[in-house]
Amino acid sequence: MAQNITLMGASYSAVPAVTLPKTGGGTASFTDVTDTTAVAADVATGKYFYTAAGVRTQGTNSGGGGTSKNVQVLQSTSRTNSSSLTKVLGDLTVSKTGTYDIYWSGGRSNTSTSYTWGTRLYVDGSGYGTENTSWSNNCQSNHLSNVSLTANQKLSVYARGRTGSYYTFAPMLVIIEA
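Heads up: the sequence shown is residues 329 to 506, going by my numbering.
Fair warning: there could be bad hints in the mix.
[To be verified] No farther apart than 30 Å at their CA atoms in a straight line, the calculated lysine-lysine pairs in the DSS-like style are these: (1) 482 <-> 415; (2) 424 <-> 350; (3) 424 <-> 397; (4) 375 <-> 350; (5) 375 <-> 397; (6) 482 <-> 397.
[Said to hold, decoys possible] With beta-carbon atoms standing in for the labels, derived distance ranges: (7) 382 <-> 352: 35 to 45 Å; (8) 478 <-> 418: 51 to 61 Å; (9) 335 <-> 426: 44 to 54 Å; (10) 403 <-> 382: 29 to 39 Å; (11) 350 <-> 385: 16 to 26 Å; (12) 390 <-> 478: 17 to 27 Å.
Hints were generated in silico from the structure; no laboratory data involved. Keep in mind that this is a model prediction, so the values were computed, not measured. Where a beta carbon is used, it is the ideal one built from N, C-alpha and C, also for glycine.
Starting from the given sequences, assemble the full structure and let the hints guide the process.
Structure (structure tokens):
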């Protein structure tokens, strides 16, 4: 942004900055910052900026400045051959309340299409996702969008295989703040 100024009786229009000589040598620059929209939460902790009022302010954002998103990933090499749903991935606990996109997946080691298998996500005991009886590939991926979660909610991935025939799972759970 630029300002109209008067300097030593002369008027100047749309001046974005002024550079003046310093008494001891060198120059000092003065820049118009009235169009600044940043607030302390937008700027990285320990970094400084000037508010629109010209006040030097220290940032408070621990995400490195700008808007940070909470991303958590949990991955395992677990496997199951149980015909009932078995927990194959440790709990992932949501660190803060918000809206998230959730992705989870698992793979199987055998291509038989005549048995139900698959992964399910559980959020505090409520199940999401489907189990399948026929597949054209060996990987299952699931996704939920814009899920409201509260801090400390637990997410777990369960899988079903087939007794006596190893269905190997390499489960993964990813949550991304929307």
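We went through each hint and held it up to the structure:
1. 482 <-> 415: holds, 13 Å
2. 424 <-> 350: Given pair residue 424, residue 350 is violated - Cα atoms ~50 Å apart, limit 30 Å.
3. 424 <-> 397: Judged against 30 Å, a Cα distance of about 11 Å means the pair holds.
4. 375 <-> 350: holds, 26 Å
5. 375 <-> 397: holds, 19 Å
6. 482 <-> 397: holds, 19 Å
7. 382 <-> 352: 35 to 45 Å: Cβ of residue 382 to Cβ of residue 352: about 23 Å, so the range 35 to 45 Å is violated.
8. 478 <-> 418: 51 to 61 Å: violated, 20 Å
9. 335 <-> 426: 44 to 54 Å: holds, 50 Å
10. 403 <-> 382: 29 to 39 Å: violated, 49 Å
11. 350 <-> 385: 16 to 26 Å: holds, 25 Å
12. 390 <-> 478: 17 to 27 Å: holds, 21 Å
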